[in-house]
Amino acid sequence: MSANGKPKFAMYWAAGCGGCEIAVLNVHEKILDVDANFDVVFWPVAMDAKYKDVEAMPDGSITLCLFDGAIRNSENEEMAHLLRRKSQILVAFGSCATEGCIPALANLSTPEEIFEAVYHGPTTDNTHGVVPYPTVRVLEGELHIPEFYPVVKTLDQVVPVDYYMPGCPPESHQIAAVLDLVIQALHGQAALPPRGSAIGAGNSTVCDECPRTRHEKKIRQFVRIQHVQPDPTLCLLEQGILCSGPATRSGCTALCPKAGMPCIGCYGPAEGVLDYGARLMTAVASVIDSQDPEEIEHILDGIPDPAGTFYRFNLAGSLLRASKPAIMSPPPAATLRERALALTPEGGEEGK
Amino acid sequence: MTDRFEPLIIGFTCNWCSYRAADLAGTSRLKYPPNIRLIRLMCSGRLDPTFVLKALSSGADGVLITGCHPGECHYIEQNYKALRRYLLLRRTLAQMGIEPERVKLVWASAAEGARLAEEIIKMVEEIRALGPLNWPAADGGRGTGDGKYPASVIHPPSEEEVTA
Chain A
707 MSANGKPKFA
717 MYWAAGCGGC
727 EIAVLNVHEK
737 ILDVDANFDV
747 VFWPVAMDAK
757 YKDVEAMPDG
767 SITLCLFDGA
777 IRNSENEEMA
787 HLLRRKSQIL
797 VAFGSCATEG
807 CIPALANLST
817 PEEIFEAVYH
827 GPTTDNTHGV
837 VPYPTVRVLE
847 GELHIPEFYP
857 VVKTLDQVVP
867 VDYYMPGCPP
877 ESHQIAAVLD
887 LVIQALHGQA
897 ALPPRGSAIG
907 AGNSTVCDEC
917 PRTRHEKKIR
927 QFVRIQHVQP
937 DPTLCLLEQG
947 ILCSGPATRS
957 GCTALCPKAG
967 MPCIGCYGPA
977 EGVLDYGARL
987 MTAVASVIDS
997 QDPEEIEHIL
1007 DGIPDPAGTF
1017 YRFNLAGSLL
1027 RASKPAIMSP
1037 PPAATLRERA
1047 LALTPEGGEE
1057 GK
Chain B
413 MTDRFEPLII
423 GFTCNWCSYR
433 AADLAGTSRL
443 KYPPNIRLIR
453 LMCSGRLDPT
463 FVLKALSSGA
473 DGVLITGCHP
483 GECHYIEQNY
493 KALRRYLLLR
503 RTLAQMGIEP
513 ERVKLVWASA
523 AEGARLAEEI
533 IKMVEEIRAL
543 GPLNWPAADG
553 GRGTGDGKYP
563 ASVIHPPSEE
573 EVTA
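One line per chain: the protein sequences are A and B, in this order. For my numbering, add 706 to where a residue sits in the first sequence, where the first one is 1. For my numbering, add 412 to where a residue sits in the second sequence, where the first one is 1.
Calculated directly from the structure, the hints in this document are not laboratory data. Among the hints, erroneous ones may be present.
[Claimed, not checked] When the alpha-carbon atoms are kept at most 30 angstroms apart in a straight line, the in silico DSS-like pairs for lysine-lysine are as follows:
hint : chain 1 : residue 1 : chain 2 : residue 2
1    : B       : K516      : B       : K443
2    : B       : K466      : B       : K443
3    : B       : K466      : B       : K534
4    : A       : K964      : A       : K923
5    : A       : K924      : A       : K964
6    : A       : K923      : B       : K443
7    : B       : K443      : A       : K924
8    : A       : K964      : B       : K466
9    : B       : K466      : B       : K516
10   : A       : K736      : A       : K924
11   : B       : K534      : A       : K736
12   : B       : K516      : A       : K1030
13   : A       : K736      : A       : K756
14   : A       : K756      : A       : K712
15   : A       : K964      : A       : K1030
16   : A       : K712      : A       : K736
17   : B       : K534      : A       : K924
18   : A       : K923      : B       : K534
[Claimed, not checked] Computed footprint of chain A on chain B; a stretch qualifies when at least three of its residues, placed anywhere within it, have a C-beta under 8 angstroms from a C-beta of chain A:
hint : stretch
19   : 444–456
20   : 466–474
21   : 527–541
Heads up, the beta-carbon is just placed ideally off N, CA and C, and yes, glycines get one too.
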C-alpha cells in the first residue's frame, strides 16, 4: 500500500504497438474507478516514471500489473523479471504478451534476414550501412543497447504469469469487467478465478457468438475477402472466406464477422486448445469438399500463406514457436559484438 | 555399439488397417528398425495435427501417419480428412523450414505388413540422412513459479499448490 493507502497499479509495454494502452483508456469513465481505487505508480505511456523508480519499490508492492507486449529483446525480458518481482498479480495483457501476436511472425525469419530487411532492405535509405550493435566503444566509454533475441517469446516463457487476458487488443468492455472484478476482490466482495486462467474472455469459440447462419460446410475453393462481396447473413467460412472463428476464443462478441470481415484469431486459442494453428488447420481441412489429392492441393492454393494465416497471432505461443532456421539461430549479440569491437577507435581510448 | 545417429520416429496407426499391418509384419517375422514408436488411434481421421507438432517439439525426429487406403476406411471417409489435414499441415511445416521427409503419410491395409515394414525402413534411412531435429525445449512455461517471486496475497492458490 502506498502513502495514500491505495493498492498500486502498473502497466508496461514491451514489444507491442500501444493498442492495449489505448484499449485501457477506452474504458472511458471507468478509468476514474482505477484512479479512485489504485495508486498508479508506473505506466510509461500515461505518466513519467523511470525504471529505477520501479527497482526502488519493495518486492510484491504492486498489487496489479498489466503487462502487454511480447519479449523481443533483453530489455523486455529484464522488465518482465523486474515487474514480476514487484507485482502480486501479473497479467499477460493482450495477444503479444499471451501468445506473441504480430511481432512473433518475425519468428518465421532468422535474425540475419530481419536485420537485412530492416537495415538494408529496398525501403531503407541507409547509405553508411549503420546497424545497431549491442555494445559499442566510443571515446567516452562503452555504450550498451538491449540485445535482439533470435525469436520472440511470450511473457510466460520468461516469468510465471498469474492471468492471461487475450485480444488484440482486449475489448474495452472486457477490460472494464476485469478491473471491476479486481476492485471487488480487493474489497473482499468477490473471488478471483484460479491462477493461470484466461480472464476477460469467454470459454467457447467466436462461432458461438457469431449471428451468421450455419449449415454443413463444404468448401470447393477459398476466396479472399477483397475479391468478393460476402453474403451478409451466411457463415463466412461456408462462403470460402477463411474465417478463424472455429479455433478462436470467444469474448469479442464476434465483432469482425458481424461487420463482414472474417475472424483473424486475435483472441487466441479457445479453452483447452494446445496449438491454435493445428486446431484451425483441423477445422479448415475437414470442410474441404474433395477426396482427390490433386484437387485438394489446388483448393489449398487458395491459402497463399498457411503459416502466417494459421499462426497470425499465435506463433510464439504455439508448440513449435518459430521456424527451424530461426529457433536454431545463435543469438546475434555475440557476432554483432565482435564486429562492433572491430570498429573500436584505435589506440584503446576506453576509460578516458 | 556404433555412434551413428538413431532417429526417433513416432508412428500413428489406425486400429483397422495399418495397426494390423504392423501386427502382420510382426507375426510374419518381418524385420523393421526399432526407431519407430507406434501409437494406435481408432482412425487416421482422429489424427489432430497437434499430435504431429507435439511430437516434433518434444524430441521426435519424424512422424509417420498411416491409415486405411482411400475408399477402405472403417469409418467410411475419415481417412480423406486425414489426407486433407496432412496436405495442409505439410504446407505449413514447409514454411516453418521443416524438411518434408520428416512428416509422411502412408496408406497400408491389414494385409500389407511387408509394405508397411518397407516404408518404415525407408523413412528411418531418410531421416538418418537428414540428421536429428533436436527442437529446443520451451523455457519457462505456464505457472512455473520457482520461489523467486513473492506469492500473491489476494489470488487463490492454484490446484497444484493445494495438492502439493
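Hints, one by one, checked against the model:
no.	hint	in the structure
1	B:K516 / B:K443	20 angstroms, holds
2	B:K466 / B:K443	28 angstroms, holds
3	B:K466 / B:K534	23 angstroms, holds
4	A:K964 / A:K923	19 angstroms, holds
5	A:K924 / A:K964	22 angstroms, holds
6	A:K923 / B:K443	44 angstroms, violated
7	B:K443 / A:K924	43 angstroms, violated
8	A:K964 / B:K466	34 angstroms, violated
9	B:K466 / B:K516	15 angstroms, holds
10	A:K736 / A:K924	45 angstroms, violated
11	B:K534 / A:K736	64 angstroms, violated
12	B:K516 / A:K1030	18 angstroms, holds
13	A:K736 / A:K756	26 angstroms, holds
14	A:K756 / A:K712	21 angstroms, holds
15	A:K964 / A:K1030	37 angstroms, violated
16	A:K712 / A:K736	17 angstroms, holds
17	B:K534 / A:K924	36 angstroms, violated
18	A:K923 / B:K534	38 angstroms, violated
19	444–456	violated (count 0)
20	466–474	holds (count 3)
21	527–541	violated (count 0)
Hint compliance for this structure: hints 6, 7, 8, 10, 11, 15, 17, 18, 19, 21 are not met, and every other hint is.
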